[in-house]
Amino acid sequence: MNVIEARGLRKEFTVRAKAGRFRRTSSVVSAVDGVDLAVERGELLGYLGPNGAGKSTTLKMMTGVLHPTAGDLTVCGYAPVPQRRRLAARIGVVFGQRSGLQWDLPLRDSFTLLRHVHRVPAGEHAAALRRCTDLLDLGSFMDTPVRQLSLGQRMRGELTAALLHSPEVLFLDEPTIGLDVLSKQAVRQFLAELGARGDTTVVLTTHDLADIERLCRRIVVIDHGRVVHDGTLTQLHERYGSQRRVTADFAVPVVPGDVSGLPGVTLESAEAARLVFALDSTAEVGDLIARLVTWGTLRDLSIAEPEIEDVISRLYLSPATSIMS
Amino acid sequence: MGFVTATAARQAGRNFFELAAQFRSFATIGFRRYATYRQATVASLATNTTFGFLRSYVLLAVVAASGAGSIAGYSRAQLMSFVWLGQGLIGVVLLWGWNDLSERIRSGDVVMDLLRPQHPVFAYVSADLGRAGYAFATRFLPPVVIGSIVFGMALPTRATTYALGLCSVLLAVLVCFLCRYLVNSCAYWLLDNRGPTMAWMVFSGVLGGLYFPLRMLPGWAMWALWLGTPFPSILQAPLDVISEHGGVPGPAAMLAVQAAWAVVLLAACLLVQRRAERRLVVQGG
Chain S
47 MNVIEARGLR
57 KEFTVRAKAG
67 RFRRTSSVVS
77 AVDGVDLAVE
87 RGELLGYLGP
97 NGAGKSTTLK
107 MMTGVLHPTA
117 GDLTVCGYAP
127 VPQRRRLAAR
137 IGVVFGQRSG
147 LQWDLPLRDS
157 FTLLRHVHRV
167 PAGEHAAALR
177 RCTDLLDLGS
187 FMDTPVRQLS
197 LGQRMRGELT
207 AALLHSPEVL
217 FLDEPTIGLD
227 VLSKQAVRQF
237 LAELGARGDT
247 TVVLTTHDLA
257 DIERLCRRIV
267 VIDHGRVVHD
277 GTLTQLHERY
287 GSQRRVTADF
297 AVPVVPGDVS
307 GLPGVTLESA
317 EAARLVFALD
327 STAEVGDLIA
337 RLVTWGTLRD
347 LSIAEPEIED
357 VISRLYLSPA
367 TSIMS
Chain E
814 MGFVTATAAR
824 QAGRNFFELA
834 AQFRSFATIG
844 FRRYATYRQA
854 TVASLATNTT
864 FGFLRSYVLL
874 AVVAASGAGS
884 IAGYSRAQLM
894 SFVWLGQGLI
904 GVVLLWGWND
914 LSERIRSGDV
924 VMDLLRPQHP
934 VFAYVSADLG
944 RAGYAFATRF
954 LPPVVIGSIV
964 FGMALPTRAT
974 TYALGLCSVL
984 LAVLVCFLCR
994 YLVNSCAYWL
1004 LDNRGPTMAW
1014 MVFSGVLGGL
1024 YFPLRMLPGW
1034 AMWALWLGTP
1044 FPSILQAPLD
1054 VISEHGGVPG
1064 PAAMLAVQAA
1074 WAVVLLAACL
1084 LVQRRAERRL
1094 VVQGG
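Residue numbers (the working numbering), protein chains in the order written: chain S, 47 to 371; chain E, 814 to 1098.
Please keep in mind that the hints were generated in silico from the structure rather than gathered at the bench. Please note: incorrect hints may appear among the correct ones.
[As the list claims (entries may be wrong)] So the derived list for chain E, only partly shown, Cβ under 7 Å to chain S, looks like this: (1) GLU831; (2) LEU832; (3) SER838; (4) THR849; (5) LEU927; (6) LEU928; (7) LEU979; (8) GLY1060.
Small disclaimer: the values here were computed from a predicted structure and weren't measured. C-beta: ideal position from N, C-alpha, C; glycine also.
With the rest of the complex left out, here is chain S (with noise of 0.2 Å):
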């Protein structure tokens, strides 16, 4: 069974702008225009798109704080806005800038606090706490008050306190946000390792496609509330012409020659002794090399895979209805 189902999700909002002195004119904005999604148990889900693309929205109404003006939409066999506060004790929610911790007091009272909000057994929440302590490292701060803890120490606060009630499925908005390098792979290495586990579902929302490259194999990117694709990374770059590039330097300055019979391969530049060639899915690496080795003495060589950025940046700049054609 899937965790999250939702068919033909949509939210929209009423927009109303100054029209004149007194005059106001209303408009009815689509943030979230029929999304179809399906996500299983144990699937680390990344959901992808530009701001304003709708992201928030659609979590915010899978865990049952914003009502959907139409669509079904079930969350652990439940529908989140009528059963917001059952749904609440199966799910773990962190809105990167939202603080689900106490901000006056240390950080271990806002747990304590969680343990009892959540039922948790004694037992079981200390352990789970403790390993939350030691993958992310909060032994340092715990007694500190959470106002005072810097961006990066809060965050791995957020995800321990989403965390401590062993959710099915955890709902992370941007958790990464602001944060410095090393947070950022704390937070990582801490969500791979529960994906690693595959009893929790994560659906990840993110602007960091680092993020998305290292943790997620299933990638929904959206865009104007329409979902524009459902697959894996590889699927992405493989259905918006992803270049590897090669690059080749000769012992000395050479001419290129013809690559017109290497299917898939361009010549991007020439400049003397470096020669930068664009490959697409179809293109063939050996063949460019043995075609290579016949130009001259070659001294190094490398090759890129895709940027991600290139991908998604297409992706968001080519209009939707192209898109879903």
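Given the structure of chain S, go ahead and fit chain E onto it with the hints provided.
Chain E in isolation, oriented as in the chain S frame:
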């Protein structure tokens, strides 16, 4: 929470002990939160005490001018009780300065309150009772001690007064909290909640018996306030119960009115919460 041993019981229905444990942990958080800021406690205490002196001298002048030795059925000592218990109770019921909820609505942080298995009103009321417990020790007792030393207060003569007084204070905290919750909830519709907050500050003080005893008003006005508004249930009721004012309404009637208001306001809070959640727009992305 040693009552729960089996994991299965977690998902099953809740029992009284679990509810009590949840209440206790929310209350502990409320208590600790306020106990963290000691300087704020001292500052509030200093303000309450200063105004206590001010109000004492004003009311003593009124008594002296009347020439009868008492006004509206309060003796001189009872008036001093009225003033100093009132100054102490301001902090316990937390008449002013609570805009946590409206701020959370404005910033959108309120979603985190909605993502708990408990009803938000339950979580907030528990935390507020914990806060009131802290305030009782730190903001009620000192002004009362100072007042009785400097001016001489009428201490309760009957043992039952202590029990009734405690009940009345508890109901007053509850009524005041529910009022504050409603005032704060206006932010779901208004976002900027300064208007309702200001109105609340004015009415709760004037109509609640903080600035002058409501018994000084004509009978019809006093009754209209008692039955038509929750304000007298917040300060006038516990003050009259503890200072043993002999007039009508008596302590039992006042407690009954307080309890009735608590029920009405609770129903209003639950209704408003339901309506608010339906129209909730989470601010700030």
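Taking the hints in turn, this is what the structure says about them:
About 6 Å separates the beta-carbon of GLU831/E from the nearest beta-carbon of chain S, less than 7 Å, and the hint is met. This hint is violated: LEU832/E has a C-beta 10 Å from the nearest C-beta of chain S, more than the 7 Å allowed. Using the Cβ-Cβ criterion of 7 Å, the hint placing SER838/E at the interface with chain S is satisfied: the shortest such distance is roughly 4 Å. With a cut of 7 Å, the hint placing THR849/E at the interface with chain S holds, because the nearest CB-to-CB distance is about 5 Å.
The restraint placing LEU927/E at the interface with chain S holds, with a minimum CB-CB distance near 5 Å, inside the 7 Å limit. Residue-level restraint check for LEU928/E holds (minimum Cβ-Cβ distance to chain S is 5 Å; threshold 7 Å). A distance limit of 7 Å between C-beta atoms decides the matter here; for LEU979/E the minimum to chain S is near 26 Å, and the interface restraint is violated. The beta carbon of GLY1060/E is not positioned within 7 Å of any beta carbon in chain S (closest approach about 43 Å), and the interface hint is therefore violated.
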